[in-house]
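**Q** Same order as they appear, the protein sequences are chains A and B. According to the working numbering, the first sequence is numbered sequentially starting from 1. According to the working numbering, the second sequence is numbered sequentially starting from 1.
These aren't lab readings, by the way, just hints derived from the structure by calculation. You can take every hint at face value.
If we take Cβ atoms under 8 Å as the criterion, some of the chain B residues that face chain A in the derived model are: (1) Tyr32; (2) Pro44; (3) Gln45; (4) Leu46; (5) Asp49; (6) Ser93; (7) Leu99; (8) Ala103.
Below are the DSS-like pairs computed for lysine-lysine, each with C-alpha atoms no more than 27 Å apart in a straight line: (9) B:Lys110 to A:Lys41; (10) A:Lys41 to B:Lys42; (11) B:Lys106 to B:Lys22; (12) A:Lys55 to A:Lys20; (13) A:Lys66 to B:Lys42; (14) B:Lys22 to B:Lys71; (15) A:Lys41 to B:Lys106; (16) B:Lys58 to B:Lys42; (17) B:Lys68 to B:Lys22; (18) A:Lys20 to B:Lys42; (19) B:Lys57 to B:Lys42; (20) B:Lys58 to B:Lys110; (21) A:Lys14 to A:Lys41; (22) A:Lys41 to B:Lys71; (23) A:Lys41 to A:Lys64; (24) B:Lys58 to B:Lys22; (25) B:Lys42 to B:Lys106; (26) B:Lys57 to B:Lys37; (27) B:Lys71 to B:Lys37; (28) A:Lys14 to A:Lys66; (29) A:Lys64 to B:Lys42; (30) B:Lys68 to B:Lys106; (31) B:Lys37 to B:Lys22; (32) B:Lys22 to A:Lys41; (33) B:Lys42 to A:Lys14; (34) B:Lys37 to A:Lys41.
We put the beta carbon where it would ideally sit given N, CA and C, even for glycine.
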Amino acid sequence: GAVVSQHPSWVICKSGTSVKIECRSLDFQATTMFWYRQFPKQSLMLMATSNEGSKATYEQGVEKDKFLINHASLTLSTLTVTSAHPEDSSFYICSATDTVRGADVLTFGAGSRLTVL
Amino acid sequence: GENVEQHPSTLSVQEGDSAVIKCTYSDSASNYFPWYKQELGKGPQLIIDIRSNVGEKKDQRIAVTLNKTAKHFSLHITETQPEASAGYFCAASLSNYQLIWGAGTKLIIKP
Chain A
1 GAVVSQHPSW VICKSGTSVK IECRSLDFQA TTMFWYRQFP KQSLMLMATS
51 NEGSKATYEQ GVEKDKFLIN HASLTLSTLT VTSAHPEDSS FYICSATDTV
101 RGADVLTFGA GSRLTVL
Chain B
1 GENVEQHPST LSVQEGDSAV IKCTYSDSAS NYFPWYKQEL GKGPQLIIDI
51 RSNVGEKKDQ RIAVTLNKTA KHFSLHITET QPEASAGYFC AASLSNYQLI
101 WGAGTKLIIK P
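Extracted from the complex, chain A is given alone in its bound form:
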């Protein structure tokens, strides 16, 4: 089945630095990828929809200059948290539409836990 690889699985950084998270579809082409943020014991919050070759669509309240999303190829999307601060600490998860099973079927990566000191 479809596999989405996310890297790194966890990262610790100092306040003010930038962190890049990669999301790759390993065995299928993902024209659309989604980036979620999840706080402890809460549901997934959609941050943005990433379309290959075009600008990402951000959800209301998500700062596009803070969370830079690039989807340069059909198999790779990246999320860069710029000038990270402790309040950006969270679990970030990407997903991609699995066009084999259906354009609305999402396959998720394993997530990236970001801790900002």
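Position chain B against the provided structure of chain A, taking the given hints into account.
**A** Using the frame of chain A, we list chain B on its own:
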């Protein structure tokens, strides 16, 4: 817009018993209803889904039922095993493919 409510937030059942998690949605045009299982520190995994043209779907000890009139759908897990302990999330989507998520249920299987 669409709104999905999920209950209960926590469910504790004895190993071997059944577990039922329920979700209601607000937009009658929603046509796709997946259920995801999320283990601690991992990404969600699709365990079963159902589309609006069917009322029930089974996969071994997991089943999902959909009542379009009442706008609710449920996840049923029979003969629960310890490895079923996890977070479970329901979602609903329209044809634009954006999922609206429930708040999640923490399922605890007691040995």
